[in-house]
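Q: So the protein sequences, as listed, match chains H and E.
If you're matching positions, the first sequence starts at 1 in my numbering and goes up one per residue.
If you're matching positions, the second sequence starts at 1 in my numbering and goes up one per residue.
Hint data in this document are derived by calculation from the structure and do not stem from the laboratory.
All C-beta atoms in this analysis are idealised placements derived from N, C-alpha and C, irrespective of residue type, glycine included.
Distance windows between CB atoms, simulated:
1. G82(H) - A45(E): 19 to 29 Å
2. A60(E) - R79(H): 34 to 44 Å
3. A116(E) - A74(H): 18 to 28 Å
Computed footprint of chain E on chain H; a stretch qualifies when at least three of its residues, placed anywhere within it, have a C-beta under 8 Å from a C-beta of chain E:
4. 6–20
5. 30–36
6. 40–49
7. 55–63
8. 73–79
9. 86–98
Derived, one-sided and incomplete: chain H residues facing chain E with beta-carbon distance under 7 Å:
10. C103
11. S116
12. R118
13. T125
14. I131
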Amino acid sequence: MLPAYAMPFQGFVGGLMIGLAAALMLLGLGRIAGVSGLAARASGLSATGTPRAIAAAFVVGLPLGALILEIMGADVPARFPGMATLITGGLIVGFGTRLGSGCTSGHGVCGLARLSPRSVVATATFMATGIATVAAMNALGLGW
Amino acid sequence: MNGRIFLALVAGVLFGAGLTLSGMTDPTRVRAFLDLFGAWDPTLAFVMGGALLPMTVAWAIVRRRDAPIAADRFDLPEMSGINTRLVVGAGLFGVGWGVAGLCPGPAIAALALEPASAAIFVAAMLTGFALHRYAVAPRPTIQGRKRMPS
Chain H
1 MLPAYAMPFQ
11 GFVGGLMIGL
21 AAALMLLGLG
31 RIAGVSGLAA
41 RASGLSATGT
51 PRAIAAAFVV
61 GLPLGALILE
71 IMGADVPARF
81 PGMATLITGG
91 LIVGFGTRLG
101 SGCTSGHGVC
111 GLARLSPRSV
121 VATATFMATG
131 IATVAAMNAL
141 GLGW
Chain E
1 MNGRIFLALV
11 AGVLFGAGLT
21 LSGMTDPTRV
31 RAFLDLFGAW
41 DPTLAFVMGG
51 ALLPMTVAWA
61 IVRRRDAPIA
71 ADRFDLPEMS
81 GINTRLVVGA
91 GLFGVGWGVA
101 GLCPGPAIAA
111 LALEPASAAI
121 FVAAMLTGFA
131 LHRYAVAPRP
141 TIQGRKRMPS
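Build the full structure now, drawing on both the sequences and the hints.
A: What follows is the structure, given as structure tokens:
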């Protein structure tokens with residue numbers, strides 16, 4: 001049995017939308033929908049990659065999609081941690097995704113579906129360190 | 001606006017809506033997925049499953065085509081070459097993901113839902129991008145081949 005707070009159906013449908021969007025980038029434009037790379041490109045913090053206007057259009061679309069869903073009346077809780085946690089996490093995520101050439105979208109969705117050995121290793125690694133981090137934080141009383 | 005930019009915008013909107021519908025813009029839920037030894041929330045596993053389906057089909061189509069529909073060629077990252085950068089980078093990313101419950105896509109999408117908090121995370125993330133860009137010696141590109149985000 002799944003816990004009551006799980007959203008298997010909504011999660012699956014949202015996942016399908018994510019996969020369709022990534023398929024659109026791949027089959028339409030020949031590009032990987034990897035958000036860390038596209039965001040770095042759009043912000044001018046990556047010298048190479050997807051043409052900047054295309055990267056920027058995709059990145060601008062992300063909050064637009066969230067906004068449209070909220071306007072349509074979807075229940076969209078967004079329970080965030082405090083400022084110190086956000087800054088710490090953001091810095092590490094920013095640096096790590098660039099060093100590792102990808103995040104949950106590029107490695108986790110696009111790369112895994114392609115059975116790319118690099119992405120399989122990256123995804124296994126960030127899943128493991130993510131789980132270990134949450135366990136360690138909870139054990140130290142730093143959970144939120 | 002040309003067609004390619006519009007296509008990228010549509011893909012971004014669909015991607016952002018999918019992240020939001022699936023609960024990935026809620027850091028508490030994402031962190032609960034990583035809380036394997038606590039009150040585990042399996043939702044993200046269903047999101048991954050849903051996302052992998054269309055992409056598996058898409059890769060099968062890519063293998064039969066010479067070029068994408070609206071561009072001259074497929075510009076794709078290398079699949080091989082597992083090195084220290086990849087493993088250390090992915091490892092660090094996982095730590096940050098566990099700390100804040102946010103990865104880049106949901107953080108940017110959440111700018112529309114919880115602007116103040118999401119903006120702090122995104123600003124820190126961009127600082128992390130910049131740290132990598134300017135503090136880590138830029139890796140020379142291989143024989144002029146473009147390096148791609150993957």
